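Student: Sequence:
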Amino acid sequence: MKRIIIRGCSAELSAEQFLLFKYRRANMKKVEAIIRTHKLDDVKSALVEAGIEGMTVVEVRGFGRQKGHTEMYRGTEYAVDFVPKAKLEIILADEKLQEAIDAVLQAAQTGNVGDGKIFVSDITESIRIRTGEMGDDAI
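Residue 49 is where the sequence shown starts when you use my numbering, and the numbers rise one by one after that.
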């Protein structure tokens, strides 16, 4: 058994697990989608229908081309520079990437400025804390 340390945590791996860990190529992706908050339920439903099994959602605020907007409160107009959005983070196998992107696009799109963005990046490793499973088995 080899002992490895990942970000301060140590684990015992067999020689086969260690070689798989050391020479593994990225076969997972991280999809980050920033969408309108009122589209969150639609997007979640579309992803579940597409077979996506898990996601993390964070409430965020920001601006892009729409550069905020103005609102009225008690007769006074004021600028809202940072627009509230929902950010979804989804880790999935490469094979499910296009399905996830299509689901988000179809469910989140209104055709107006401010619909959001989708970012895709490689994930080199995933480890399930409870069991120690690695890679696709952990997602």
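What the hints contain is simulated information worked out from the structure, not anything from laboratory work.
Here the structure is a predicted model, which means the values were calculated and not measured.
Don't be surprised by glycine CBs; every beta carbon is placed ideally from N, CA and C.
Each hint should be verified, as a subset may be incorrect.
Claimed, not checked - Keeping only pairs whose Cα atoms sit at most 30 Å apart, straight-line, the calculated BS3-like set for lysine-lysine is: (1) K144 <-> K78; (2) K144 <-> K77; (3) K135 <-> K92; (4) K78 <-> K135.
What the hints assert, rightly or not - Using C-beta positions, here's what the derived DEER-type ranges look like: (5) A127 <-> D185: 44 to 50 Å; (6) R109 <-> R176: 17 to 23 Å; (7) D90 <-> R176: 26 to 32 Å; (8) E181 <-> E107: 29 to 35 Å; (9) R113 <-> N75: 39 to 45 Å; (10) P132 <-> E173: 40 to 46 Å; (11) D150 <-> G110: 31 to 37 Å; (12) L145 <-> M120: 39 to 45 Å; (13) D163 <-> S62: 44 to 50 Å; (14) M120 <-> E97: 34 to 40 Å; (15) N75 <-> V96: 19 to 25 Å.
Student: Give me the numbers of the hints this structure contradicts, sorted from smallest to largest.
Tutor: 6, 9, 10, 11
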